[in-house]
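Build the full structure now, drawing on both the sequences and the hints.
There are 2 protein chains.
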Amino acid sequence: MDPARIEAMLDFLALADRLKTVERRGRVPLPDGTTRRENSAEHCWNLALVALLLHREVAAEIDLGRVLSMIAVHDLVEIEAGDTYAYDPAARLTQAAREAAAAELVFGALPPDLGARLRALWEEFEAGETAEARFAMGCDRLQGFLQNVLSEGLAWKEHGVTRADTAPRMQPAMAADPAFAALIGALYARAAAGGMLPE
Amino acid sequence: MDPARIEAMLDFLALADRLKTVERRGRVPLPDGTTRRENSAEHCWNLALVALLLHREVAAEIDLGRVLSMIAVHDLVEIEAGDTYAYDPAARLTQAAREAAAAELVFGALPPDLGARLRALWEEFEAGETAEARFAMGCDRLQGFLQNVLSEGLAWKEHGVTRADTAPRMQPAMAADPAFAALIGALYARAAAGGMLPE
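Heads up: the sequence lines are chains A and B, in that order. Residue 167 in UniProt numbering sits at position 167 of the first sequence, with consecutive numbering throughout. Residue 133 in UniProt numbering sits at position 133 of the second sequence, with consecutive numbering throughout.
Be aware that a few hints might be false.
Since copy identity is lost for identical chains, a pair holds within one copy or between any two.
[What the hints assert, rightly or not] Simulated crosslink set (SDA-like; lysine to any residue; CA at most 25 Å straight-line):
1. K157 with A91
2. K157 with L10
3. K157 with D11
4. K157 with Y188
5. K157 with T21
6. K157 with R18
7. K157 with A14
8. K157 with L15
9. K157 with R190
10. K157 with T34
Keep in mind that the hints were calculated from the coordinates and are not lab data.
Structural data, given as structure tokens:
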């Protein structure tokens, strides 16, 4: 391999490492009974595990390699743009512009062929048009919801999120496949039983 | 989907969440200039990104979907067995037995078909015999080494690790493909230039 290519890959990996310091609102239960915020790198691994569990439960034929590739890169723009909370309408208004600028910087740090390949995966996820992108979206929303249920709805309570507030985010996931509807339905039931999400 | 299957999948995901609390020795640089330990969930995501960057740089034809699936599950046993430091010979003596017992518990929490599928991926990674498992091993060792270089060799210094100590772990990765040899060679050069790893 060309030395410049090697150095560029290592520099990109040094940049990508910062995803481990991007905090989400969802919380991770700790062994001592407290919680801390989840970071976006942990979320990406968790999402990969959800996709691995579910890819044969859905009706569509899913290219798992493409899904897992999309998942690995789908949040890289947050290194520059930060995580945008699902229930923060003001931040969501500027999200697309912030993330497009971040994509130039993050994918631009790679050798052109690799940058184009990773950027195409991110764009496929964002566009949500392929079966793989819709499946990844369903896994993403399921994982975010699950994280709240695992931490007794702390982030929901912190931000005053109601069950109705979650509908615009969770309905597309539930509509993506009956398997998502079943799992998310079961999570709504757990949230209700635990008094985590007011009507 | 059968309700019992749904509940078992959610319970497994609740258990798997604990991987985010398993600390490794490698350290993550923070924006304030300090570091903290990396956890195994972050490591798994990072490894997936390394695999995505490298799978077309190696000579072997690699099934990326299988590699990324293996990566997503390869550390799940640490939920019960903990992370075993690469340079802790006493802990490594008991590692296989501790991880085999953990596998029973972790994969046994899933519906049998899913448990068998995930367990087979973990076993393939551990056996290191397929092209995909060898590729994943190379990515794993590269990522661990990179994490030390990104945090100025702090974990190496903390444990008195020398360049010679790293050879038994890094040589198999460098032998797996010239691309790994080139990238790890460049990382050794960065470590040497930064005085991170004494001879």
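Consistency of the hints with the structure:
Taking the shortest alpha-carbon separations for K157 and A91, only the intra-copy value of 19 Å comes in at or below 25 Å, while the best inter-copy value is 42 Å. Taking the shortest Cα distances, K157 and L10 sit within 25 Å of each other only across copies (22 Å), while inside one copy they are farther apart (41 Å). In this assembly of identical chains, the alpha carbons of K157 and D11 lie at most 25 Å apart only when taken from different copies (23 Å versus 40 Å within one copy). For the identical chains of this complex, K157 and Y188 are intra-copy neighbours only, at 15 Å inside a copy versus 48 Å across copies, given an alpha-carbon limit of 25 Å.
With identical chains, the CA atoms of K157 and T21 are at most 25 Å apart both within one copy (23 Å) and between copies (23 Å). Taking identical chains as interchangeable, the C-alpha atoms of K157 and R18 lie at most 25 Å apart only when they sit on different chains, with a minimum of 22 Å there against 28 Å within one chain. In the homo-oligomer, the alpha carbons of K157 and A14 lie at most 25 Å apart only across protomers (20 Å), although the nearest pairing inside one protomer, at 35 Å, exceeds that limit. With identical chains, the CA atoms of K157 and L15 are at most 25 Å apart between copies only, with a shortest distance of 23 Å across copies and 33 Å within one.
In this assembly of identical chains, the alpha carbons of K157 and R190 lie at most 25 Å apart only when taken from the same copy (15 Å versus 46 Å across copies). Taking identical chains as interchangeable, the C-alpha atoms of K157 and T34 lie at most 25 Å apart only when both belong to the same chain, with a minimum of 15 Å there against 31 Å between chains.
Consistency with the previously given hints is maintained throughout, with no hint failing.
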